[in-house]
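Q: What follows is each chain in one-letter form.
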Amino acid sequence: MTALLTIEDLHVRFAAPDGAVHAVRGVDLEVRPSETVALVGESGSGKSATALAFMGLLPRSAEVTANALRLGDEDLLRDGGRRTRRLRGGRMAMVFQDPLTSLNPHLTVGDQILEAVKLHTDLSGGAARARVVALLDEVGVPQPARRALAWPHQLSGGLRQRALIAMALAGDPALLIADEPTTALDVTVQAQILDLFQRLCADRGTALLLITHDLGVVAAAAHHVAVMYAGRVVERAGVSELFSDTRHPYTRGLLASIPGDLGSRDRLPQIAGAPPDPLDLPSGCPFRPRCPEEVDRCAEEEPPLDGPAACWVKGEAS
Amino acid sequence: MTAPVLTIHDLHLSYPARGATGTVHAVRGVSMEVGAGEVVALVGESGCGKSSLARAVLQLRRPDAGRIVLEAPDGPLPLHELTGNALRHARRWMQVVFQDPYASLDPRMSVGDAVAEPLRAFGLARGAESRKRVAKLLEQVGLGSAVASRFPHELSGGQRQRVGIARALAPEPRIVLLDEAVSALDVSLRAQVLNLLLDLRRDLDLAMLFITHDLAVVRAIADRVAVMYLGELVEVGFRDTLLRSPRHPYTRALLDAVPVPDPARQAGRTLVALGGEPPSQESVPRGCGFANRCPLAEERCFSERPRLRPVDGTAVSCHLA
Numbered sequence: 029m030t031a032l033l034t035i036e037d038l039h040v041r042f043a044a045p046d047g048a049v050h051a052v053r054g055v056d057l058e059v060r061p062s063e064t065v066a067l068v069g070e071s072g073s074g075k076s077a078t079a080l081a082f083m084g085l086l087p088r089s090a091e092v093t094a095n096a097l098r099l100g101d102e103d104l105l106r107d108g109g110r111r112t113r114r115l116r117g118g119r120m121a122m123v124f125q126d127p128l129t130s131l132n133p134h135l136t137v138g139d140q141i142l143e144a145v146k147l148h149t150d151l152s153g154g155a156a157r158a159r160v161v162a163l164l165d166e167v168g169v170p171q172p173a174r175r176a177l178a179w180p181h182q183l184s185g186g187l188r189q190r191a192l193i194a195m196a197l198a199g200d201p202a203l204l205i206a207d208e209p210t211t212a213l214d215v216t217v218q219a220q221i222l223d224l225f226q227r228l229c230a231d232r233g234t235a236l237l238l239i240t241h242d243l244g245v246v247a248a249a250a251h252h253v254a255v256m257y258a259g260r261v262v263e264r265a266g267v268s269e270l271f272s273d274t275r276h277p278y279t280r281g282l283l284a285s286i287p288g289d290l291g292s293r294d295r296l297p298q299i300a301g302a303p304p305d306p307l308d309l310p311s312g313c314p315f316r317p318r319c320p321e322e323v324d325r326c327a328e329e330e331p332p333l334d335g336p337a338a339c340w341v342k343g344e345a346s
Numbered sequence: 138m139t140a141p142v143l144t145i146h147d148l149h150l151s152y153p154a155r156g157a158t159g160t161v162h163a164v165r166g167v168s169m170e171v172g173a174g175e176v177v178a179l180v181g182e183s184g185c186g187k188s189s190l191a192r193a194v195l196q197l198r199r200p201d202a203g204r205i206v207l208e209a210p211d212g213p214l215p216l217h218e219l220t221g222n223a224l225r226h227a228r229r230w231m232q233v234v235f236q237d238p239y240a241s242l243d244p245r246m247s248v249g250d251a252v253a254e255p256l257r258a259f260g261l262a263r264g265a266e267s268r269k270r271v272a273k274l275l276e277q278v279g280l281g282s283a284v285a286s287r288f289p290h291e292l293s294g295g296q297r298q299r300v301g302i303a304r305a306l307a308p309e310p311r312i313v314l315l316d317e318a319v320s321a322l323d324v325s326l327r328a329q330v331l332n333l334l335l336d337l338r339r340d341l342d343l344a345m346l347f348i349t350h351d352l353a354v355v356r357a358i359a360d361r362v363a364v365m366y367l368g369e370l371v372e373v374g375f376r377d378t379l380l381r382s383p384r385h386p387y388t389r390a391l392l393d394a395v396p397v398p399d400p401a402r403q404a405g406r407t408l409v410a411l412g413g414e415p416p417s418q419e420s421v422p423r424g425c426g427f428a429n430r431c432p433l434a435e436e437r438c439f440s441e442r443p444r445l446r447p448v449d450g451t452a453v454s455c456h457l458a
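Protein chains in written order, with the working numbering: chain A, 29 to 346; chain B, 138 to 458.
Simulated from the structure, these hints should not be mistaken for laboratory data.
You may find that some hints are simply not true.
Between beta-carbon pairs, the in silico distance windows are [claimed, not checked]:
| id | chain 1 | residue 1 | chain 2 | residue 2 | range |
| --- | --- | --- | --- | --- | --- |
| 1 | B | E291 | A | G335 | 20 to 26 angstroms |
| 2 | A | S184 | B | R263 | 46 to 52 angstroms |
| 3 | B | E414 | A | V323 | 52 to 58 angstroms |
| 4 | B | S440 | A | Q171 | 21 to 27 angstroms |
| 5 | B | R204 | A | P87 | 39 to 45 angstroms |
We treat Cβ as the ideally placed atom computed from N, Cα and C, and that holds for glycine.
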């Protein structure tokens, strides 16, 4: 099946007082219909910048270049962002981490979803309102007709996130990008939202790009995974391969630093040091200063992502 | 066994409801203890009352009723009765680390001054002696004494949280209360800070009350776990027992909702174990607070409030456990 989201060689640069921050350094990514791809990384790894660049939501000061940004066969690079604006909220939609700051406190939840319905469908009047209630129902909001009249502050975090997902679904998107959608939510609510995403992929054929730092969420929700570090994808695999045949030392460090099930009071394995300063990346592989596997070549040349992992030591396909 | 460092007995805390006439019953009769050198994790979801409990324990908010006793080197201090200077001095023995290390440090104060502040405030050290102790504390939390002259904005999130920990350790407290202290950190930095806390506990025999919603943190650091729901403790037990065989249906649902970072094991589990939402804290049900979401609830659960009682070494508040 052809990809719905295609990103080829994406670069994002931000102007900073001490020089340009090269936040995304050549990312390739694909998401197919009905598929969930997890984009994993820590703060500053470039995962959100990648998504925002695709959605055309970065500030004007950001410099975005790419070989290709495509939604299906629509070329998003061609007409200076007009196409992106037309498709955004319609065929492609985005859900953010914090459901309270993404909602307008002065409008009822229903009215905000109604705006999206009117903008992206031919419905109006009673039919549009009925659609709002149907969307809230679809995302599992109990008593949807009553909740449509509620103000954002009257809803719990889980219900607010559902309302935002309902809004994102108003234009019947083929692609949904969710940036840390459950990070601010409790685990029992997170479980409900992840289940909702799974149903959307299965029932509507939605392609989902799920941005997260939580490897538990990845295991539960994703089909494919791309791990980002210092602005690049450093490992790419199907979800079971990522966990069973982990290649990149960074990914292995991340997995190891999750507290195990039970047992010892030993120290957790940890990745030494901190992510590099984007204004001052080390030579060669940016993970090198924290890497337990470093060899001479790592300082000389940044490893490409030719096989499963961008690593001179562990990168070969088996 | 020596006396617990912290004893909380039948604590109640309520607030007037926002913009209305009702009352929010945030903490409803919580009793618990933290032993010397023990790490107790208090877990629960947003709105369960865990942060209200922390505020009451710290006396940042006066509880409606209940006792909070802190065992200081020269005898027990009944925090709920203390005021003014007596309360201020008592705080030396119980320090706190908050979630957001950026918001809890003064941006205009250097790291060294921030760590020295409690030493000065409690009259413990000045001048050269203070500088010496600050340097030692910064070494102890793995920052090195050179950061003393830096300012919070020059530090990463993980480093700032270490400064918060150094500051909490400065007056040599007997217990530190950590309110979601590692929740804002990335995975790799979180492991570093948890390891630091494990080291400190071993080296200083420090007791900790660790408030968190993150069960991964519980696994890493807790000796005992207290699970809170709708203002009450529903289960209290040793970590391994509680995680391996949870007795309360809510504890079970909470554990089931955590995705396992292993697709092979995750494939055999259903994540959604719990529907609905907790009842409003303004109209707390007469019976069990969890009954309306509980898959096992019987008639009795809606009419009769269960109390914590021992079941196989764990304390559980459930008629059916």
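Q: Hint by hint, say whether it matches the structure.
A: Status of each hint after checking the structure:
1. B/E291 / A/G335: 20 to 26 angstroms: The hinted range 20 to 26 angstroms is violated for B/E291 and A/G335, with Cβ atoms some 39 angstroms apart.
2. A/S184 / B/R263: 46 to 52 angstroms: holds, 49 angstroms
3. B/E414 / A/V323: 52 to 58 angstroms: The hinted range 52 to 58 angstroms holds for B/E414 and A/V323, with Cβ atoms some 54 angstroms apart.
4. B/S440 / A/Q171: 21 to 27 angstroms: holds, 26 angstroms
5. B/R204 / A/P87: 39 to 45 angstroms: violated, 54 angstroms
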